[in-house]
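Heads up: the sequence lines are chains A and B, in that order.
Residue 284 in full-length UniProt numbering sits at position 284 of the first sequence, with consecutive numbering throughout.
Residue 236 in full-length UniProt numbering sits at position 236 of the second sequence, with consecutive numbering throughout.
Rather than coming from a laboratory, the hints here were simulated on the basis of the structure.
Some hints here could point you the wrong way.
[Said to hold, decoys possible] Computed Cβ-Cβ distance ranges for the label pairs, DEER-style:
#1 A:Ala103 with B:Val18: 48 to 58 Å
#2 B:Arg210 with A:Ser135: 22 to 32 Å
#3 A:Gly136 with B:Pro206: 19 to 29 Å
#4 A:Glu15 with B:Ser139: 45 to 55 Å
#5 B:Leu107 with A:Asp178: 50 to 60 Å
#6 B:Phe279 with A:Ser135: 32 to 42 Å
#7 A:Asp202 with B:Pro97: 33 to 43 Å
#8 B:Gly183 with A:Glu279: 36 to 46 Å
#9 A:Ala103 with B:Gly239: 57 to 67 Å
#10 B:Ala209 with A:Leu183: 31 to 41 Å
#11 B:Pro97 with A:Glu15: 11 to 21 Å
[As the list claims (entries may be wrong)] Residues from chain A that keep clear of chain B, each with C-beta distances beyond 10 Å, as calculated:
#12 Ser83
#13 Ala109
#14 Ile110
#15 Asn227
#16 Ser268
#17 His309
[Claimed, not checked] Straight-line distance between alpha carbons at most 27 Å, and here's what the computed DSS-like set of lysine-lysine pairs gives:
#18 A:Lys107 with B:Lys186
#19 A:Lys113 with B:Lys186
#20 A:Lys101 with B:Lys186
It should be emphasised that the depicted structure is a prediction, and the values quoted were computed from it without experimental measurement.
Even for Gly, the Cβ is constructed at its ideal location relative to N, Cα and C.
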Amino acid sequence: MGSITLQKVSKVFGEAKVIPSIDLEITDGEFVVFVGPSGCGKSTLLRLIAGLEDVSGGHILIDGKDVTQSAPAERGLAMVFQSYALYPHMSVRNNIAFPLKMAKMEKSAIDKKVTDAARVLNLTDYLERRPSQLSGGQRQRVAIGRAIVREPSAFLFDEPLSNLDAALRGTMRLEISDLHHQLKTTMVYVTHDQVEAMTMADKIVVLNRGNIEQVGSPLDLYRSPRNLFVAGFIGSPHMNFVDGAYAQSKNAKTAGIRPEHLNLSKDSGIWRGTVKVAEHLGADTFLHLDVEGIGQITARCDGEFGAYHGDTVYMTPDEAKLHRFDDKGLALKA
Amino acid sequence: MATQNTKTLARLMMAPSVLLLLIWMIVPLAMTLWFSFQNYNLLDPSNVSFTGLFNYEFFYTDPAFFQSIWNTLVIVGGVLLITVIGGIAIALLLDQPIFGQGIVRILIISPFFVMPPVAALVWKNMIMNPSYGVFADISRFFGLRPVDWFAQYPLFSIVVIVAWQWLPFATLILLTALQSLDGEQKEAAEMDGANFLNRFVYLVLPHLARSITVVILIQTIFLLGVYAEILVTTNGGPGYASTNLAFLIYRTALLGYDVGGASAGGIIAVVLANIVAFFLMRAVGKNLDR
Numbered sequence: 001m002g003s004i005t006l007q008k009v010s011k012v013f014g015e016a017k018v019i020p021s022i023d024l025e026i027t028d029g030e031f032v033v034f035v036g037p038s039g040c041g042k043s044t045l046l047r048l049i050a051g052l053e054d055v056s057g058g059h060i061l062i063d064g065k066d067v068t069q070s071a072p073a074e075r076g077l078a079m080v081f082q083s084y085a086l087y088p089h090m091s092v093r094n095n096i097a098f099p100l101k102m103a104k105m106e107k108s109a110i111d112k113k114v115t116d117a118a119r120v121l122n123l124t125d126y127l128e129r130r131p132s133q134l135s136g137g138q139r140q141r142v143a144i145g146r147a148i149v150r151e152p153s154a155f156l157f158d159e160p161l162s163n164l165d166a167a168l169r170g171t172m173r174l175e176i177s178d179l180h181h182q183l184k185t186t187m188v189y190v191t192h193d194q195v196e197a198m199t200m201a202d203k204i205v206v207l208n209r210g211n212i213e214q215v216g217s218p219l220d221l222y223r224s225p226r227n228l229f230v231a232g233f234i235g236s237p238h239m240n241f242v243d244g245a246y247a248q249s250k251n252a253k254t255a256g257i258r259p260e261h262l263n264l265s266k267d268s269g270i271w272r273g274t275v276k277v278a279e280h281l282g283a284d285t286f287l288h289l290d291v292e293g294i295g296q297i298t299a300r301c302d303g304e305f306g307a308y309h310g311d312t313v314y315m316t317p318d319e320a321k322l323h324r325f326d327d328k329g330l331a332l333k334a
Numbered sequence: 001m002a003t004q005n006t007k008t009l010a011r012l013m014m015a016p017s018v019l020l021l022l023i024w025m026i027v028p029l030a031m032t033l034w035f036s037f038q039n040y041n042l043l044d045p046s047n048v049s050f051t052g053l054f055n056y057e058f059f060y061t062d063p064a065f066f067q068s069i070w071n072t073l074v075i076v077g078g079v080l081l082i083t084v085i086g087g088i089a090i091a092l093l094l095d096q097p098i099f100g101q102g103i104v105r106i107l108i109i110s111p112f113f114v115m116p117p118v119a120a121l122v123w124k125n126m127i128m129n130p131s132y133g134v135f136a137d138i139s140r141f142f143g144l145r146p147v148d149w150f151a152q153y154p155l156f157s158i159v160v161i162v163a164w165q166w167l168p169f170a171t172l173i174l175l176t177a178l179q180s181l182d183g184e185q186k187e188a189a190e191m192d193g194a195n196f197l198n199r200f201v202y203l204v205l206p207h208l209a210r211s212i213t214v215v216i217l218i219q220t221i222f223l224l225g226v227y228a229e230i231l232v233t234t235n236g237g238p239g240y241a242s243t244n245l246a247f248l249i250y251r252t253a254l255l256g257y258d259v260g261g262a263s264a265g266g267i268i269a270v271v272l273a274n275i276v277a278f279f280l281m282r283a284v285g286k287n288l289d290r
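If we strip away everything but chain B, and leave its shape as in the complex, we get:
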C-alpha cells in the first residue's frame, strides 16, 4: 500500500463491499425512520398517513417505557458484571495445568453453542421450574420452599440465563489473554516479593485490561437487544417486570400491530445504544489504544 497507484487500486477494489455494507445499513434505518413518522397500523394497512411526532409521544408515554429502559440497563450491567468477574475467575482456573485440560475447556465453552431460545427453555423447564427444576429439588433437599424464579425474580432470572450463555465467550477471550502473559514477568514479580493477590492486581489485571474492554464492548452490543430469552421464559412479565426495550418494541409491533409506534421505539433504541456506546468508549475505550 505504498505507492499512489496501489492505494487507488485498493480503494477501487474495496468500493463494492463498502457500498454494499452502506446500503445494507442505510436502507433499513431510513425505512424505520420513515415509518416512525407515519400512522401505520397493520389492522388498517390502507389508511397510512403522516402523523409527525405522535408515534414518539405514544411510545414515550407508554407506562412500560421507562421501566423497559431501566430493565435494559439492568440486564446489560448485570450480565457484564457476572461474565467479566466470572470469566476472569474461570480463566485463571483453566490456565492452571490440570488433567483432561482439553475436555474441560470444551465443556466450559459449550454453552456458547446452545441457541438462545433452547438455552432459555432448558433453564425454564429443567432448572428453574418451581415444581420439577433442579433448583426446586435443591431447596426441598434443604427443607426450604422452592422459589418460583420467573414469578418472584423475573429480571434476575433473565440475567442469570443470559450470563450463563455469555460466560464462555468472556472466559475464552480472557483465557487467551492470560496465556499471552510473559512467564518471566510472573517470575520477576515472584522474586520481587509479590504474593498471588499482588501479582493479580499489579500484573495480571493490567495485562487483561484490553481483553476485558473487548469483552465489554462486544457483549454490550448483543445484550442491548436480548429478546429470545424473555420471550420463552417470562414473556416480559409479570406486568412489565422483565420487559426490556427490544421486547417492548416487539410487543408494540407484533402484538399491537402498530408499525409506526414500533419504528419510533426502534429509533429510540438506536439513540439509547449510541448513548451507551458513547459512555462506554469514554470509560474503557482508552484501553484499546495501548
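If we strip away everything but chain A, and leave its shape as in the complex, we get:
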C-alpha cells in the first residue's frame, strides 16, 4: 500500500515562499512524475514528502496516516538520490543490506533479500565491490537495490538519471519502468526532463514556481494543456506560439501549434518561411524557420523532406490540432 496525500502543504525558506500551497493526491501503485524547470520547487516537494525538510504548513498523509511530524525513517519510504549517495567504504552487499541492518533484521533474512535484489538488478557479480569500482549505471542500480530491499510503501526518485550519459539514461528509464511494472509500488519521480516525464509517468504533475500548473496523464497534457506554461513545457521541440492577426482570426490572444502539426510544402501554404537551421535526425528533421510577419517557427517534418539552410518552405497549421489561449494564458475550449 502506498497512497500519499498532500493537504495545503507549504514551504518557506526565510523570506522565500518556495511552495505557497499544494494539494495533491497520489494513489497506490501510481508512477507520478514531478516535472518543471529548475527552481520550481519539485525537489523541495519530494524532500517534504520524504521528511528531509519540515513543512511550513499543511499536512502529509501516507496511507491515510498523518506523517507530517514523523522522522524520515518512520514514513516507510525509500529514496534514490541524484548523486546515488552510496556509502563509499562499504561493499555493494553492505550498501544494500544497510537499511535492513538498521531495522535489526536477522542475518540470514538479510542475505536472502540482498541476493534477491542483486539478481533482479543484475548486480550478483558485483556484490563484493566498492561503489568506486562501479560504473554510473551500476551505482544507480545499487541505489535502487538499497531502496527496494526495504519494501517501502513508495519510492522517491530525485533526478536519478541526470548524472548518466544519454544512452545509459535511455536504458535506465526502461529499467525503472520495468521495475515499476514488477513491483507495482507507488513511485514518485522528480525530473526536469520532460522526455523522462512523458515516457515513464502514469501521471505527470507540472510545477512552476511552487504551484501545480496541471495534473494529468502524459497524453492528456500533450493533447489539452491547461495553459501556456504547460503547453510550452510538454512536447519536444516546444510548441510554437503565434500572436497577432492570425490568433485573432481564431478568436484567441495566442494560438499554439506543435511543430509536428504543421503541414509543410515546397510550393504552397498560408505561411512562407526561410530555413535558418535544419536539424537532420534521420527519421525526422527539425526546421527552424523565419516566417514573415510571425517570427520564429519550429517545424517537424519527415527526414526525406529535404530542406536546407536558406530554402523557402510553406506551411499550413493543422486546424484540428490548434491550441487557443486567452489573454490570461489559459486554454480556450475548442
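Once you've looked at the hints, dock chain B against the given chain A.
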C-alpha cells in the same frame, strides 16, 4: 611529465633541492653517530678518544633509561588518545550551524599559536598552581584540598598541557574532513533508519579514518620529542617521574656535559622513533591508501 625529455629535465631541476635535503639530514645524523662512539666530555674537551660501545652501555644502564622510554610512550599515547577523541567531539560540535561560528572557530584554534614554553608557563602558574591556580580555586570552592599537580601527577599534568596544545590541530583537520562528507549520504542514512549513533559509526567514522591517520602520524612525530613543556614545569621530576627520552638526552648533554653519552641516547631515540613508526604504519597506514 609525459615524455622522456621532460622527465630528465624535471629530475635535473629537482636535484639541487633533493641534494640539499639529503645533506641537511645526513650530516647531523653522521656526526651524532660519530660522537656516540667517542669519549667526549665538555668538561675535558681536549681528551677525546674512541670508546666503542661504552656510551651505549652507559646510557642503557642509566636508572632513568627504561622509565624515560615508558614515559615517552605514555606521553605519545595519552596525548593521541585525548586529542583524537576530543578532536572528533569538538569537530562534530563545530560542524553544527551556530551563531558566531567564525569567532568560535578562531578561539578553538588559538592554543595552537601559543609557543610551547609559554603555554607550559601559563598552565604552571595560572591554572595548575596549588596555591593560586584556577584548579586550586575550584577545589577550594568545593571545600577540597587543592591538588599539587606537578608533584602528585607530574606525567599526567604534562600530558594534559601537551594535549591542550595539540587539540586544535586535531580538531582543525577532522573538521575539514567532516565538512567534506556528502550531505546526501547523511540523508540517505537517515532515510535508511540510522539514528545518530549509527550514522556516526557507519558513515562519519569511516569517512574520518584517513584524517585520523594523518593526525596520529603527524602528532606522533612531534610528541616523541616533547621537551619544552617538561623543562618549564617539572624539570623531569620528581625523580625521573616525568623524564622522557628527549629530556634525558638533554640532561646527559647539557647538565652532565657528556656529548658522547647524549649522542648515544640520540641514536637510541632515532631507533625508538623508527620502531614506533613501523608499528604505526602497520596499524593505521593502510587508511592512507584508499
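Here's how the hints hold up against the structure:
1. A:Ala103 with B:Val18: 48 to 58 Å: The hinted range 48 to 58 Å holds for Ala103 (chain A) and Val18 (chain B), with Cβ atoms some 57 Å apart.
2. B:Arg210 with A:Ser135: 22 to 32 Å: This hint holds: roughly 25 Å between Cβ atoms.
3. A:Gly136 with B:Pro206: 19 to 29 Å: 23 Å, holds
4. A:Glu15 with B:Ser139: 45 to 55 Å: 53 Å, holds
5. B:Leu107 with A:Asp178: 50 to 60 Å: Hint holds: Cβ distance 57 Å, inside 50 to 60 Å.
6. B:Phe279 with A:Ser135: 32 to 42 Å: Roughly 39 Å apart at Cβ, these two residues keep to the hinted range, so it holds.
7. A:Asp202 with B:Pro97: 33 to 43 Å: 40 Å, holds
8. B:Gly183 with A:Glu279: 36 to 46 Å: 39 Å, holds
9. A:Ala103 with B:Gly239: 57 to 67 Å: Between Ala103 (chain A) and Gly239 (chain B), where Cβ atoms are some 58 Å apart, the hint holds.
10. B:Ala209 with A:Leu183: 31 to 41 Å: 36 Å, holds
11. B:Pro97 with A:Glu15: 11 to 21 Å: Holds: the Cβ-Cβ distance is about 18 Å, inside 11 to 21 Å.
12. Ser83: It is violated; Ser83 (chain A) is separated from chain B by about 5 Å at its closest Cβ, not greater than 10 Å.
13. Ala109: 16 Å, holds
14. Ile110: 13 Å, holds
15. Asn227: Non-interface label stands for Asn227 (chain A): nearest chain B Cβ at 34 Å, farther than 10 Å.
16. Ser268: 57 Å, holds
17. His309: Given a closest Cβ separation of 42 Å, the condition holds.
18. A:Lys107 with B:Lys186: Roughly 24 Å separates the two Cα atoms, so the pair holds.
19. A:Lys113 with B:Lys186: 23 Å, holds
20. A:Lys101 with B:Lys186: 16 Å, holds
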